[in-house]
Amino acid sequence: MVTPATTSMTMPGRQAWTGRAGSFLRYVRRNPLLAVGGIIFLALVLFSTAGSLFVDTVKAPYPLAAPASLAPSWDYPFGTDAQGRDMLAVMIVGTRLSLKIGLLAGSIGLAVGIVLGLISAFYGGWIDSAIRWIVDVMFTIPSFLVMVVIASLLQQYISIENMAFILAAFAWPGPTRGIRAQVLSLRERQFIQMARLSGMRGPEIIIRELLPNLAPFLLAGFVGALIGAVYGALGLELLGLGSQREPTLGMTFFWMQKYSALLRNLWWWWGIPIAIIILLILSLYFISFALDEWANPRSRRSA
Amino acid sequence: MSWRYLVRRILLLLLVMWTAATINFFIPKLSPRDPIKERLQLAATQGGRNQTGLQAMADAYAHQYGLDQPLWKQYLHALLKVVQFDYGYSISQYPRTVNSVIGDALPWTICLGLVSILIAFVVGTVLGALLGWPRSPGWLRALVPVSMLTSAVPAFVLGFLLIYLFAFRLKAFPLAGAYSQTANPGWSLSFAGDVLDHAFLPAMALVLFQMGGQALQMRGLMVMTVGEDYITFADAKGLRPRRVFLRYAVRNALLPQVTGLVMSLGTFIFSTVLVETLFAYPGLGGLINSAIQVLDFNLLYGITMILVFAVCIATLAVDLIYPLLDPRIRYDRR
Numbered sequence: 001m002v003t004p005a006t007t008s009m010t011m012p013g014r015q016a017w018t019g020r021a022g023s024f025l026r027y028v029r030r031n032p033l034l035a036v037g038g039i040i041f042l043a044l045v046l047f048s049t050a051g052s053l054f055v056d057t058v059k060a061p062y063p064l065a066a067p068a069s070l071a072p073s074w075d076y077p078f079g080t081d082a083q084g085r086d087m088l089a090v091m092i093v094g095t096r097l098s099l100k101i102g103l104l105a106g107s108i109g110l111a112v113g114i115v116l117g118l119i120s121a122f123y124g125g126w127i128d129s130a131i132r133w134i135v136d137v138m139f140t141i142p143s144f145l146v147m148v149v150i151a152s153l154l155q156q157y158i159s160i161e162n163m164a165f166i167l168a169a170f171a172w173p174g175p176t177r178g179i180r181a182q183v184l185s186l187r188e189r190q191f192i193q194m195a196r197l198s199g200m201r202g203p204e205i206i207i208r209e210l211l212p213n214l215a216p217f218l219l220a221g222f223v224g225a226l227i228g229a230v231y232g233a234l235g236l237e238l239l240g241l242g243s244q245r246e247p248t249l250g251m252t253f254f255w256m257q258k259y260s261a262l263l264r265n266l267w268w269w270w271g272i273p274i275a276i277i278i279l280l281i282l283s284l285y286f287i288s289f290a291l292d293e294w295a296n297p298r299s300r301r302s303a
Numbered sequence: 001m002s003w004r005y006l007v008r009r010i011l012l013l014l015l016v017m018w019t020a021a022t023i024n025f026f027i028p029k030l031s032p033r034d035p036i037k038e039r040l041q042l043a044a045t046q047g048g049r050n051q052t053g054l055q056a057m058a059d060a061y062a063h064q065y066g067l068d069q070p071l072w073k074q075y076l077h078a079l080l081k082v083v084q085f086d087y088g089y090s091i092s093q094y095p096r097t098v099n100s101v102i103g104d105a106l107p108w109t110i111c112l113g114l115v116s117i118l119i120a121f122v123v124g125t126v127l128g129a130l131l132g133w134p135r136s137p138g139w140l141r142a143l144v145p146v147s148m149l150t151s152a153v154p155a156f157v158l159g160f161l162l163i164y165l166f167a168f169r170l171k172a173f174p175l176a177g178a179y180s181q182t183a184n185p186g187w188s189l190s191f192a193g194d195v196l197d198h199a200f201l202p203a204m205a206l207v208l209f210q211m212g213g214q215a216l217q218m219r220g221l222m223v224m225t226v227g228e229d230y231i232t233f234a235d236a237k238g239l240r241p242r243r244v245f246l247r248y249a250v251r252n253a254l255l256p257q258v259t260g261l262v263m264s265l266g267t268f269i270f271s272t273v274l275v276e277t278l279f280a281y282p283g284l285g286g287l288i289n290s291a292i293q294v295l296d297f298n299l300l301y302g303i304t305m306i307l308v309f310a311v312c313i314a315t316l317a318v319d320l321i322y323p324l325l326d327p328r329i330r331y332d333r334r
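Sequence order for the protein chains is E and G. Here the first sequence is numbered in this note's numbering, starting from 1 and rising by one per residue. Here the second sequence is numbered in this note's numbering, starting from 1 and rising by one per residue.
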């Protein structure tokens, strides 16, 4: 079988993008994991976006919106928590906020990674060494602890955006390292040499030749950064370091822990957020697993 | 191994420590919160005293913590403290030093964390090796989705589900803590049993989470190794399958697995902290949690630096031992 990497290698310019998309679709069809992960993820996105049409997002996900500690019923399909939040609204808004934090932090991390990775690979020399050293340093620091220090000092001032920025500050070393390695190997391939000989300029080569071929890595890197950010946000919020007002998934977990939902036997209060957290992380994990194989044909033998 | 490489690695370690110390030093300066004032105000409102002496008290504390010095002097002082492994006094448990507070919590975390990471590594690696071996029985393959599941579900969620099932429903294990409140801490068999009883569920959560990832990674490495020519050759020579499996396949696949273990130390610390919080375990996780509640940033700072240092040393040690295990790896050409 011809791998996508070799077919698109000879395709110049715009065709490379469509070739990529085609190979991707073919890959989805052969890979059930990606399809399952994608469907769960899209269902969650739909739940958190379309769902807000059915609930009052201004009042319902906040305390005193409903009678406290009600089991699921027709009026409150997911029940209510001990502070009188409507759990259905909490989950709709919370999933959206947690996704927003992840997407924001993941995109910033990936964007910084692309820029630093490209600079590092193209210019080489002392710039490359400096970037590599910084990335190595960032890799060795257990970033979670530093984030705990930052978040605890900002506590009352943390908003959804601040949370995303704190996570983004530690989300770029992975993409930087990955993209640098990829660009270094792509740079020496023949189609790039051809492009250079045919008189294309640096930026043109990057946009028309390099980025289409990097697409699988960028996508895989993005999902990786997204998982890292969602996971990091959950962890910080679990320690009570999220926005105290906003009903994100992690904060819901924190409140139900703090008010011992387990011992009071309010199963819907902890069961539903945990189910959604598991679905979210599992779907992202499946997608990233499949994307890694797509981006890295060598590991496909294990599929 | 070349001296150049060793020097480079030690320089990197120093740079990591310096970066972490610098971030830790400047972040509190940028924060709008003042932990000492917050604590004094809390004490004043709880005690109901009048607040006239507050500023003087805050000044006295600031003087004691060296906060009235110019910034560059404070910074140099902070770096010196890091080199001396001295993180000063805890703000929340005042007369005690950060080192003694951490010293009480560290053994719990080390036991819980190290034991779980070792169990997860051994079991996960064996499982992964069997999963990646073409001749292992078919029913084993059913474990691939299972390990994907447990490695994807966060350790704190696993921990919570374990608490629900085994502590709350079945009442087979205690809900929280490291030992019973009625227990008599000491070197006795009954106390040890009590401690094990309490450690079982948190350790289980960490092992399940870590093990799945280890198994999947080892399986990938095995699949790569099994495809190599020397395995085919060993088979063709008529060596016994057990020997080919252990000596030729597992031994070679094991090496990257060790690096993977060290790379995962950061996430492991993260999981341990959260699981300890969930189980109200008296280790570093519980300590971080209580330090956050009262904004004891001296304590947070000390914990961060000690864990950063531990991860650095572990990484360095594995990188130095690696070429001894694997002669293919040489650090000379760089």
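Think of the hints as simulated: they come from the structure by calculation, not from any bench. Note that beta-carbon positions come from the ideal geometry of N, C-alpha and C, so glycine has one too. Hints are supplied without guarantee of correctness; some may be wrong.
Negatives, chain G to chain E, calculated, CB over 12 Å [unchecked claim]:
no., residue
1, I23
2, N99
3, L239
4, I321
Rough simulated footprint, nothing fancy, chain E against chain G, three-plus residues with beta-carbon under 8 Å [said to hold, decoys possible]:
no., segment
5, 154-162
6, 306-319
Results for each hint:
no.: 1; hint: I23; in the structure: 6 Å, violated
no.: 2; hint: N99; in the structure: 17 Å, holds
no.: 3; hint: L239; in the structure: 23 Å, holds
no.: 4; hint: I321; in the structure: 17 Å, holds
no.: 5; hint: 154-162; in the structure: holds (count 5)
no.: 6; hint: 306-319; in the structure: holds (count 5)
This entry does not satisfy hint 1, going by the numbered hints stated previously; all others are met.
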